[in-house]
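K.L.:
In our numbering, the protein residues as written are 20 to 193.
I should point out that these hints are in silico values taken from the structure, not numbers from a laboratory.
Heads up, a few of these hints could be off.
Lysine to any residue pairs mimicking SDA-like chemistry, simulated, CA-CA at most 20 Å apart [stated by the list, open to error]:
1) Lys112 / Thr184
2) Lys112 / Gly125
3) Lys112 / Leu153
4) Lys112 / Glu131
5) Lys112 / Ile174
6) Lys112 / Arg98
7) Lys112 / Ser43
8) Lys112 / Leu126
9) Lys112 / Val91
10) Lys112 / Thr34
11) Lys112 / Tyr130
12) Lys112 / Gly163
13) Lys112 / Arg136
14) Lys112 / Arg97
15) Lys112 / His25
16) Lys112 / Ala156
17) Lys112 / Gln167
18) Lys112 / Gly158
19) Lys112 / Gln21
20) Lys112 / Gly133
21) Lys112 / Gln30
Please read these numbers as outputs of a predicted model, since none were measured by experiment.
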Amino acid sequence: MQRCSHCHAQQLDGTIFCSACGASLLGGGQRRETTTALNKAAAAGAPTAVELSGPLVIDAPVASGSPSLALVVINSGRRITLEAVDDLLIGRKDNQRGIYPDIDLGLDGGYEAGVSRRHAVISVQGDGFCIEDLASANGTFVNGQRLQPQEPAPIRHGDELKLGTLILRFEIGC
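Using the sequences and the hints, build the whole thing.
P.N.:
This is how it looks when you write it as structure tokens:
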């Protein structure tokens, strides 16, 4: 078990965001390999398991002046702060299959809401952002419109994203 440094709630080991307040539980010092790199390595047959001796840290470079980003889980109010990096995998963690999304919605009722393990990707596109459904079982919607799998769609501040039946709000600069 670990404790959130912001609200001091106890969290399961390996949890990335506090389920009580949404604060990041990632500590300092070590770098985290990207999910994309691990998935490519797994597809090539390379071993992907890594033993860590301390907390897992995202240490991705962010362009100066890049906007702050967040996803707000509507049913819980949990705010997930995002870094403006190339790709952010959204889904549910699965230790047995080695799936570790950047944004794990498992603690937000993701399984019950039909969120796939590899559901969607948010990425930077030009001066904006887009979301792409990764052929999820229950679909990805932007403001009520179902996305076609593998076709990125632009997203803007205040847009409602629905993964399965889980509703999120995309925020920029908040």
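K.L.:
Checking each numbered hint in turn, tell me which of them this model violates, lowest number first.
P.N.:
Result: hints 5, 12, 15 and 17 break, sorted rising.
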